[in-house]
Structure formats: C-alpha cells, structure tokens
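J.: The chain contents come next:
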Amino acid sequence: MEKKKNAGRSEKIMKICFYIIITIFALSCLFPFLLMVTSSFMSEKEIVSEGYKLIPDTVSLSAYKFLFRNFTNLFNAYRVTIFIAVTGTVFGLFFMSMAGYVLCRKDFRYRNQISFFIYFTTLFSGGLIPTYMLYVNGLGLKDSIWSMVLPSLMSPWSIFLMKNFMKSIPDSLYESANIDGANDFRIYWQIYMPLAKASLATIGLFQILGYWNEWYNAMLYIQTPAKFPLQYFLQRIVSQANIQLLIQQGLTINTGDLPSESIKMATAVIATGPIVLLYPFVQKYFVSGLTIGAVKG
Amino acid sequence: MKRIKLHLENFVHEVKKKYILFLMVLPVLIYFFIFAYIPMPGAYIAFVDYNIGKGIFGSAFVGLKNFEFLFRTGDLLRITKNTILYNLVFLILGNAFQIIFAVMISEVGNKWFKKISQSIILLPYFISMVIVGFFSYNLFNYDYGFINTILAGLGFPKHEFYSDQGIWKYIIVFFKIWSGTGYGMIIYLASIAGIEQDIYEAASLDGASPMQKIRYITFPMLKPTMILLILFGLGGILKGSFDLFYNLIGTNSVLYPQTDVIDTFVFRSLVGQFNFSQGAAVGFYQSVFGLVLVLTVNAIVKKIEPDSALF
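Protein chains in written order, with numbering that gives the first Met the number 0: chain U, 0 to 296; chain R, 0 to 310.
I should point out that these hints are in silico values taken from the structure, not numbers from a laboratory. Everything hinted at is true.
Here are the computed lysine-lysine pairs in the DSBU-like style, where the Cα-Cα straight-line distance is at most 35 Å:
#1 U:K44 - R:K168
#2 U:K11 - R:K110
#3 U:K105 - R:K302
#4 R:K212 - R:K301
#5 R:K157 - U:K52
#6 U:K105 - R:K17
#7 R:K17 - U:K196
#8 R:K110 - U:K283
#9 U:K283 - R:K301
#10 R:K222 - U:K166
#11 R:K4 - U:K166
#12 R:K222 - U:K11
#13 U:K14 - R:K168
#14 R:K238 - U:K141
#15 U:K52 - R:K168
#16 U:K283 - R:K168
#17 R:K16 - U:K166
#18 U:K283 - R:K113
#19 R:K222 - R:K212
#20 U:K105 - R:K4
#21 U:K283 - R:K222
#22 R:K114 - U:K52
#23 U:K11 - R:K212
#24 R:K238 - R:K302
#25 U:K196 - R:K301
#26 R:K114 - U:K283
#27 U:K141 - R:K53
From a predicted model like this one, the values you see are computed outputs, not experimental measurements.
Using the sequences provided together with the hints, build the complete structure.
T.: Right under this line is the structure:
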C-alpha cells in the first residue's frame, strides 16, 4: 500500500518536472522571436545607449514608420520571392506529380530504370563549382531570376513521395477509366490529381517554404539589387550593415540619422511575419509530410 | 549486337505504345539530366589547372596536384576534421534532445499542453537561417547585443563574441539543436505512438514505475528508429549545414580555424578567391567519400534491418 502511494507521488513529481523542462525549452524556442519583435519597437536612442532589450523602456514606431515610407525596395523583394515561390511550386508540382503517376504505373516497363536515374542524383553530384559553371557559362543564367527557381524545382524526395501517394490509389479506378477510353494524361489529371490533393498540399507547402527561405542561389547568381529575394535582401542588410538597400535610388537620406538598429529587426519581423502567422494553419500538412518522408514503411 | 538491336526494338515498340506516359515523365528526365548529370563530368576540373580562356577540358591536366596542395597546406585536414566533428555532435546531441523531448511530451497528460508545446518546438524548423543570423546579431552583437546589455546591466564588462574563437562552436551547436529538435521529435513521437498500449498496461499491472516504463519499454522500442536515423546521418557526415555556418560566421575570418567546414571552404574558393580547381577538388573529395559512406551505411542497414535499406 505504502509503496503504491510512493509510486503515485514519484509519478506526479516526474510529470511536473517534464512540464517544467518542456516549458523552458519551448520558451527558449520562442525567445529569439520575442526579442526580435521587441527590439524592432525600441527607440534608436535606447538601443545605442543600452543595447537591445526584451522589455524596452519606451515603445517607438520609428522603424516601422521608416519602412512604411521606404517600402518600395522591400516590397520589390517580396514580389521577387512571391514570383519564384509561385512559379517554382506550380511547375514543380505539375512535373513531379506527372512523374509520380508514371512511376506508380505497374505496366510501365522502364519505371525502375527511371527511378534509379532520379535516385542516383542524391548519391553523387558534380559539386558546387561544376554546377555553378553550368548555370553561368552553360545556361547564361547569371543574374537571371530563373537561377533561383530552377535549382529546387524538383527533388527526388518529393517525386518518390508523390509516387508512393499515387500508389495507394486503387488500380480499379485506372482500369475502368482505361476501358472507357480515357488516355493516361486524362486519367492522371481527372482521376489521380483530385485524389492526391492532400499529398499535393504537403509537397506544395514544402516547395513554398523552400522558395520563401531562398537566399543561397541569390547569393551565388544574382547581382542586381532589384532581383534580390526577401531573405537575401535581409541578409545583405544585417551582414553588411546595408540599410541603404531599403532606400529607393535617387532619394538622399542621411543614414546616420536613421534608426538603423531597430530597422534591421523590423525588416526581419516583416519578412518572418507571414510564416509565423500562417504556421498554425498549415502545420498539420508539414507534420504529415515529415513523418511519411522520414521513416520508410 | 543482335541483343542490343532487340532491346532497341522493344524500347521503340514500348515508346510507340505508351508515348503519353513517356511524354509525362520527360520533363523530370530532362531536368535531372541537365541539372544533375551534366555537371558530373565537370568534376574533372579538380584535376586540371583551370584557365578560364581554355575551359575545363582545354586546361592543362595536373593529376592530383590540387589535392596535394590542399593536403600540404593542412586545409583539407582541418576542414574535414571540423566537418566531421560538428556533424557528429549535431547527430548525437541532436538525437538525444529529440528522443528526450519526444518521450517527455508523450508522457505529459494534458492534450492542450502537448499540442502547443509541440507546435512551438517545431516552429524554428521553418525559419530560414538568415533569420537565425539576425537572432545571433540581436543576441551577440558587441555594441547592442542582448547578452551584452545584460552583462553591462549586471556591471560586467561587455564580451566581444565576434572575435572570440572559442565560443562559436557552442553557439553553432546551440542553434542547430534549437532549429532541429522539433523535426526529429515529430519522427520519434510518431514511432512512440506506434507502440502498443497493452505493453504499458501489462507493465503497470506488474507494478512498474513510470520511469521504469520509459527505461524498459519506450527506449528499447525507439532504438531501431534511432539507429536508422543515426546511420543515415553518418552517411551525410561530410556535407550540410552551409546555411547555418555561413549566416552565423559569414566572412569573419578570425573564426575560420574553429568554424570552417567543407561547404564553406568550397563556397569561398568559388566566390572570394576564384580558385575553381581547388574548390572543385574539395567538392570532388566530398562527393566521393560521401558516396562511399552512404554505400557502407546502406550495407550495414541492409544487414540489421533489410526493410529499411535505401536500395
């Protein structure tokens, strides 16, 4: 009896510890976001004299006011990001789902060879430098917006995920449509695609996220500031203290007078905002994608 | 000869019969051919003394000289060591965090708390490393950084993080764990959810304490998943995390001895120094050893768990 009571108490203590540890870790996950937001609302004077704070003495909107007045370049970076995200996701999903359909068709004789052809690219690659030379010298994509769309247009992982989703659609649907005389493209478009909506959403969201966070290819290939996507734009601002990037050409502003430290954080807030706001609604698709993709079978 | 002809006839026949299917898979084939296969022979640049005017295949062949040079200067050894050590720490510490938090979250009873904490811990996974660079600036900047605000507030002298060689390895590991725990945790949570409840009930009847249930049921049941994740992680031990390193360290060369990895080295040889042949030599070395590692790991996995092998 005594033992059981003890066990009950130790269980309680253990659970309380778990609650506390999880809470601390979750807060540490949120902390940088909070600090970034509060920093963006600080007045420049306070930052310069005391540094970034979690709870500022005075709340100032000057950084956001500045961004609002100089929104052209930031807006432009947004536009580039949205363009590459939409194009890359739409075309990527279309091509990859078609390939997924073909690869799941058992009567397609070369499906194993094609799967291997795709899969091999994950095992061995020419490396960064030959790839760079292909883009720049071979395809002439230096400073082209397509140099940000093409590198992550398709991935073997997504193609195989697509194929596995399509495999779970019963063959009888294909057979009856085939008997009715529908060709393969029609069967894919009118029967398989509507049934694969959930998987399209999952893979599509991963594509969008990848493009939203794109900065790497921009750093390699893009030279004109007007073509910078959002994340690269941000990176330039923080790594090279480049507040000037925000200011439209032709305008003269004495950058010494700007609230540049809070502007940096406010820009990051505006760039991260959409992801954090949309996150609760799309989270479940991400989670299903992660669990399916990570543990096979 | 005859057999090849037969194959070809078969192929032509198949294409004629199923041309729509071939057309549908064609974009993917063209894509991977151009963007993945064409650069492969370009790795030959690692064996020449690259001259822009003459092109890759026109430049003078120098054999292994590029590799020799990198080996002699100690660069190759240093970046290999850094890459492997960082990845080992990421892998071991990362998995430990992921398992511990998955187990703890599965144990707490409150559904609402479970959901919210899981969402919050996963959030950093969706943030680009550029933003992590902002966080790091926000926290560690000498003049205005949050940590220095606190230090100054407490009367301590400010710390110059961006020239402190010793501290960045911890910061890098911290941000890696920070951004990766949620992702791995979800995978482990999924495999915890797959454990049969009967086992726990039987253990309770036998008087097992909650700690004992974790120790003797949950952990052993997670072992296969963990071994697989770690093994596949080992397969990729020579690459990855360029965005983390670049956004935290950038071009701060004071910190290179501790923080330079293969990917950042190759990147610099391309962008800063225009030393294509040496960069490609390192890239080639990385690809080849990476391939060997993956094949080895896959052979091991095939032995212990044939179903999970990649091929």
